[in-house]
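Chain residues, written in single-letter form:
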Amino acid sequence: MTAIEINKKLIENFGDDIIKTVKAYENELYLEIKPDRIRELSGYINHEMGYPLVSMFANDETSLIGKYAVYYAFADRVSGILLILKIGIEPEQMTFESIAGKVHAAARYEREIKDLFGLNPVGHPNAKRLVFHGNWPRETFPLRKAYDLKHRPDFAKEKINFSKVISAGVFEIPVGPVHAGIIEPGHFRFSVAGEPIINLEAQLYFVHKGIEKLCEGESLEKCLFVAERISGDESFTNAYAYCQAIEKIAGLKIPERAEYIRVVFAELERLTSHLGDLGGICTDVAYGFAASQFKMMRGWAYGIADELCGMRFLRGVNRLGGVRKDFVAGKEASLIRQLKKIRSEFEETEVIIKANSFFIDRVENTGILSAQIAADLNAVGPPARAAGIRSDVRKSFPNRVYRQLSFAIPEHHNGDVNCRMNVKIEECYQAIDLMLAAIDSMPAGRIRESITTVAPYQFAFGMTEAPRGENIHWVMTGENNTIFRYKIRTPSFCNWPALCHAVKGNLVPDFPLINKSFNLSYAGNDL
Amino acid sequence: MFNTIKKIIKYPNLTQNYPRKALLSLPKTGKTVIDMKKCTGCGECLGRCPSQAIVRDAQTKVLGINLDTCVFCTLCEEICPSGAIAMTNQFELAEEKRTALRSSTLVIAEDQEIVMPYEAICAELVKRIRKTFGRSLNIREVDAGSCNGCDYEINAMNNPFNDVERLGMHFVASPRHADMLLVTGTATRNMQLALIKTYNATPDPKLVVAVGACACSGGIFRDSYATSNGIDNIVPVDVYIPGCPPRPQAIIYGILKAIEKL
Ligand code: SF4
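Quick note, the sequences are listed as chains D and P, same order.
Each residue of the first sequence is one higher than the one before, counting from 1 in the numbering used here.
Each residue of the second sequence is one higher than the one before, counting from 1 in the numbering used here.
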């Protein structure tokens, strides 16, 4: 369907409820609707039209329209269109209708909005705190414009209640936030009877830094560097999504060569990340040899990054309007040689690990994420593809370069650790092939356009397929080339609840393995 | 099995001999320096530095860089109109005193200063560490609110290229087994209690090393409602390792500095 057809269909069914329609850019359609009709409309879009809820956020627009606003972004992944519903909320009211009962993926977004803005989702099945722990005082909402970024309120002392499983022989295992390995902090509360896990509740947001607030009022240039630091191993893709949003607002088409260079880096990041995950999976089943093979290849991938841009984490590559330097020119031959070396080593290693029945026995049928749950929660990236959901931003919202390069989305259905591993294995080959193809067909030419001024109070989405999956950033500009609101939705936000479902019924000692096969970012979730 | 053995023979040893031998290829993004002969003091970099690491001395009006805050983004090198700023390949930057990394003086509000028995002040400490730890060091890593960049670099210390166990360094699962805490991140509000508990759970004598701009000063996330400006607001720090993130060898250098084996 085109944006016009979508609009027509909605007007036919809900004509009276739609206050205003704005078509922004090629693929964003904004509909402002009556707040009390949100549940019906979102239910219709999600269930009848089949568009998943991909992002949802609030915005303090009291200085602009005298109201708070909540945005609901749904994606038509077949024709690459974002359909965004918007409702306004009067400051005297501060409540909105929860849609979580109808659209399950909304549950965590609504809790987030409640914590950060103090807007109450009425009818939410379990609106407990999400972002803030017991130390944050009630009635303090940092994302309202009136809140001073630097204000650090006194520590409150409230207890956090976890969901309880009560029965004879059921006990709880608390783990974290400081874990045994070198990983990020989070608290896991397992309810178990014997070995199998009955329920897992993940308390996250230990690394919440207030990134969205930090960006407000800051220059567009500075926020690019903040975007690079949302999640270390996804530095490039986050900066990429941010740049896309700003470039869309500025009406700028970046030079083709710059687009190609970005694709090379995006795929390099995916390769590095997946190699790390594969190594991690092997480590967690104590398969030392294979782990060290993958770590070695990852080391080589870091070496490529170092050679191209001097930064192992691909920071300082993107720039608004293109890339900072022509990082690829003159290095093609060495790049191709190194990629081919990784590819052949990878092939040989894959043969070895797949022939190891002890290893396959550990990963097969472990940590199954069902297709239904994956769809309900809008799981994204490799975990979703492993469960049979064939979504990939590079296919549904492709840029010029991905449209030209050929690649296929891996097809798996079992949703277990093995499938996630296989998706990642296939995507490693794919990443290498895409890089080789991009180097091959890269046109010569400019690598950036300059952006001088950007109009205030304009907004747009930037989307990328991060190594972990669909990554969506929404930016609204402010006066004098600053940010008014920056909503970051990384793939980890969607996949954390999916992980909690996937571990059910599995043994506690398999948790690290299942966790590693998802490899979610805490920083990307907590912001 | 045959294939596995073949691989093991193919790559017998990948480990770099750092710090005994200098790195073969040096990184391009090390310490940032301002060439005072070229600098006109125009202040372009001052306003655009994303982490406000560039400062002007109130009296002399000369520009300087606070390395504990620098995120090594290389923007200043790119935008300086007189080409006075350059990235060097110097990456061994760890210091025991945060002031040694700064060109402006450090202001810690008095109520934030920690009053607790701080054994690092004792001159005896060095002797005791040598005696207690011998030549091996057990490390517990604590992520106190990083972006995970620093943690991945700490992870990379265990990869075949760096293999820090050869230096007698070993990562342990519990702070109770640790001699040193390697802390990354800005000590976010939600991690402060966990950081203090971990610190207290680590037996004395212990060392604390702050890894990365965030842990040193709050880095790019300074002054937010949910962060603190450096972990030294929460726990005492023995060595600061700047970088965003510092590369594995820079972390090794910092740790070695902490135990004074260098
Ligand atoms: S110093 Fe840089 S790399 Fe390290 S945690 Fe902070 S932002 Fe991430």
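Misleading hints may appear alongside valid ones.
What the hints assert, rightly or not - Result set (PhoX-like, lysine-lysine): computed pairs, CA atoms no more than 20 Å apart in a straight line:
id: 1; chain 1: P; residue 1: K197; chain 2: D; residue 2: K157
id: 2; chain 1: D; residue 1: K395; chain 2: D; residue 2: K164
id: 3; chain 1: D; residue 1: K341; chain 2: P; residue 2: K206
id: 4; chain 1: D; residue 1: K340; chain 2: P; residue 2: K61
id: 5; chain 1: P; residue 1: K37; chain 2: D; residue 2: K341
id: 6; chain 1: D; residue 1: K354; chain 2: P; residue 2: K6
id: 7; chain 1: D; residue 1: K340; chain 2: P; residue 2: K37
id: 8; chain 1: D; residue 1: K159; chain 2: P; residue 2: K7
id: 9; chain 1: D; residue 1: K128; chain 2: D; residue 2: K9
id: 10; chain 1: D; residue 1: K354; chain 2: P; residue 2: K197
id: 11; chain 1: P; residue 1: K37; chain 2: P; residue 2: K6
id: 12; chain 1: P; residue 1: K61; chain 2: D; residue 2: K341
Think of the hints as simulated: they come from the structure by calculation, not from any bench.
Verification of the hints:
Distance hint between K197/P and K157/D is fulfilled; the C-alpha atoms sit about 16 Å from each other, no more than 20 Å. A C-alpha spacing of about 42 Å is found between K395/D and K164/D, which places the hinted pair above 20 Å, so the restraint is violated. For the suggested pair K341/D and K206/P, the alpha carbons sit about 44 Å apart, so the restraint of at most 20 Å is broken. As the CA atoms of K340/D and K61/P are separated by approximately 53 Å, the hinted pair breaks the 20 Å bound.
For the hint pairing K37/P with K341/D, the CA-to-CA distance comes to about 46 Å; that exceeds 20 Å, so the pair is violated. With a CA separation close to 16 Å, the supplied pair K354/D and K6/P stays within the 20 Å bound. Taking the CA atoms of K340/D and K37/P, the gap is near 46 Å; set against the 20 Å cutoff, the hint is violated. At roughly 53 Å between alpha-carbon atoms, K159/D and K7/P are farther apart than 20 Å, so this suggested pair is violated.
For the given pair, K128/D sits about 36 Å from K9/D by alpha-carbon distance, which is inconsistent with the 20 Å threshold. Between K354/D and K197/P the CA atoms are separated by roughly 43 Å; this puts the pair beyond 20 Å, and the hint is violated. Distance hint between K37/P and K6/P is unfulfilled; the C-alpha atoms sit about 57 Å from each other, more than 20 Å. Proximity of K61/P to K341/D is assessed by CA-CA distance (about 53 Å); at most 20 Å being required, the pair is judged violated.
When each numbered hint is compared with the structure, violations occur for hints 2, 3, 4, 5, 7, 8, 9, 10, 11, 12.
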